[in-house]
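Can you build the whole structure from these sequences, using the hints too?
The listed protein sequences derive, respectively, from chains A and B.
Going by UniProt numbering, the letters in the first sequence line up with residues 1 to 229, in that order.
Going by UniProt numbering, the letters in the second sequence line up with residues 1 to 294, in that order.
Where hints are given, some of them may not hold.
Ranges between beta-carbon positions, derived for each pair [as the list claims (entries may be wrong)]:
no., chain 1, residue 1, chain 2, residue 2, range
1, A, D191, B, M213, 18 to 26 Å
2, B, R101, A, E42, 45 to 53 Å
3, B, E280, A, H145, 35 to 43 Å
4, B, I9, A, V20, 53 to 61 Å
5, A, K201, B, K277, 40 to 48 Å
6, A, R143, B, M213, 30 to 38 Å
7, B, E197, A, Q113, 33 to 41 Å
8, B, D192, A, S120, 39 to 47 Å
Honestly, the hints are just simulated from the structure, not real lab data.
Glycine included, each C-beta is placed from N, C-alpha and C at the ideal position.
Letter by letter, the chains look like this.
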Amino acid sequence: MKPSYTLISPYLGELQWDKVPTDALLAEQLAWMDLLNVEFAEQFLEIRQGFTALSIYWKSTENQTQFQNSIHRLQVKKHELPSSVWMLPVCYDPAFGRDLGSLALIHRMTANQLIELHSSATYRLHFFGFLPGFMYLNGLSERLHTPRKAIPDRKVEEGSVAIGGSQTGIYPTESPGGWHLIGRCPLPLFDPMKSPPVWAKPGDLVRFEPIGMEEMERLLQNPIPPKVL
Amino acid sequence: MNGQSAKAILLKTGPGSSIQDMGRMGFAQFGVPSSGAMDQRSFRWVNHLLQNDENDAVLEISQPGFAIRFNSPTQIALAGAIAHMKLKGREIQRTGIISIRSGDILEIGTFHLGARIYLGISRGFQSQSVLGSKSFYKGLTEISQLSTGAELSYIPNPTPVTGHNAAARWSPDWYAKEILTAYPGPDFCLLDLQTREKIVSESFTVSNFGNRMGIQLLELLPNQVPEIATNPIFPGMVQLTSGGKLLVLLRDAQVTGGYPRILLLDEESQWSISQKKPAEQIRFRLSSTSDKAI
Chain A
1 MKPSYTLISP YLGELQWDKV PTDALLAEQL AWMDLLNVEF AEQFLEIRQG FTALSIYWKS
61 TENQTQFQNS IHRLQVKKHE LPSSVWMLPV CYDPAFGRDL GSLALIHRMT ANQLIELHSS
121 ATYRLHFFGF LPGFMYLNGL SERLHTPRKA IPDRKVEEGS VAIGGSQTGI YPTESPGGWH
181 LIGRCPLPLF DPMKSPPVWA KPGDLVRFEP IGMEEMERLL QNPIPPKVL
Chain B
1 MNGQSAKAIL LKTGPGSSIQ DMGRMGFAQF GVPSSGAMDQ RSFRWVNHLL QNDENDAVLE
61 ISQPGFAIRF NSPTQIALAG AIAHMKLKGR EIQRTGIISI RSGDILEIGT FHLGARIYLG
121 ISRGFQSQSV LGSKSFYKGL TEISQLSTGA ELSYIPNPTP VTGHNAAARW SPDWYAKEIL
181 TAYPGPDFCL LDLQTREKIV SESFTVSNFG NRMGIQLLEL LPNQVPEIAT NPIFPGMVQL
241 TSGGKLLVLL RDAQVTGGYP RILLLDEESQ WSISQKKPAE QIRFRLSSTS DKAI
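This is the structure:
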């Protein structure tokens, strides 16, 4: 599963895998990240991760050339993905998930069946992107894959749990958005005053736990960090 | 001198005024964009003139109809767009360093050339720093854009800057040119030959849809590229959207995206397109990395 390395600019290059995103590919990406952080830590400014690529912004052209020339002999160490699961409470009430009913209709199921499908799966966090603290999760049931809205909503509330394409995710801050809203998670997902500003890391597992209105209100008033199973 | 009490008050501003510095590096792993001044050349120039630290925070102004009052003496410097400006009600021609006395009002009117003005101040604006930067960004800094009535802190400095810097002239020639230099992006290879040819031979128009996240170009290109996985994006990358629009990503662009990344503008071209107004024309000249970096 060795990646190819593509030069983009004198400072920017990308490790690319010609594969679909899976746990195995993610473990391979994280193994390369480990290697870069140990052996090349002083030579790059930033690494950005996507589903099938790792982009590396080098401090100098020489740093990039050195990496490129040594890539064929670099050996990554196996990166084990964690098996513990972050449990995220979600209130799947139409008050928070205004598209729950229409989405259930599209997929010819009841709202309860949709909630059951969404909350019984375990999702793998691949990386953060789109907004600060937004988790790209893999593992949405194919039965829930839904094209994004033709006309995006101008305002999606903070904490909204949504489905778009083959993805599900939580909006960490209020934002415009084109995904179908099915509920809301009351926990803070990003705090710039904390280090790190997020509680999860790429490779972690995530599950959604349905909660009722009462608990939702309690958690909105007294947000607590998520539990780990 | 009472150190921290100096304030500048925005008497008038359009949308899109913000505090900016070099931006944030190293937080993309949490989904945090680069941010920072859109035109880094003008930003660096004002700090250079003022003998500031290179990362001192400046005001980025992108709309005419701006006025600011300073309540303590300081030195300011202006660069970027060329605009109609008044100090204490009197028209001023020059950009560069201006000595400010208590109560002075600076007004900015019509932009003649360029799209963003950088107002630097001695020792930088003293706003909140979040994740290593004062650059405004929604969800990070307390406010994401300045509105009328906003107060900005600075450290008073009544001593005019001396030396050769003080009289240096600002020329906008570098951003007035049409040609932008770009490297083929990581997904350029997915385009057919005809589309590649169009990109390098045709000229494109800056549309009305532009902000700190990116600028959309007016012309459409055929897009037969199948849907691709969400992967890293950077300021300067040009995406080809599913509708065939070209989107030039800039400093506040998100860190990952799902559209093909067909080009990457070199740094100077990123600063240059940040100074282009709607209806201005651009052309892409492709630069190859392979012979430079290997």
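Now the hints, each set against the structure:
A hinted range of 18 to 26 Å holds for the C-beta pair D191 (chain A) and M213 (chain B), which are about 23 Å apart. A C-beta distance of roughly 47 Å is found between R101 (chain B) and E42 (chain A), which places it inside the suggested range of 45 to 53 Å. Between E280 (chain B) and H145 (chain A) the C-beta distance comes to about 41 Å, which sits within the given range of 35 to 43 Å. Between I9 (chain B) and V20 (chain A) the CB atoms are about 55 Å apart, so this pair conforms to the stated range of 53 to 61 Å.
For the pair K201 (chain A) and K277 (chain B), the supplied restraint of 40 to 48 Å holds, since their beta-carbon distance comes to about 43 Å. Between R143 (chain A) and M213 (chain B) the beta carbons are some 34 Å apart, a value that agrees with the proposed interval 30 to 38 Å. For E197 (chain B) paired with Q113 (chain A), a C-beta distance near 51 Å fails the hint of 33 to 41 Å. Checking the proposed 39 to 47 Å range against D192 (chain B) and S120 (chain A) shows it holds: the Cβ atoms sit about 43 Å from each other.
The structure does not agree with numbered hint 7 stated previously, though it agrees with all others.
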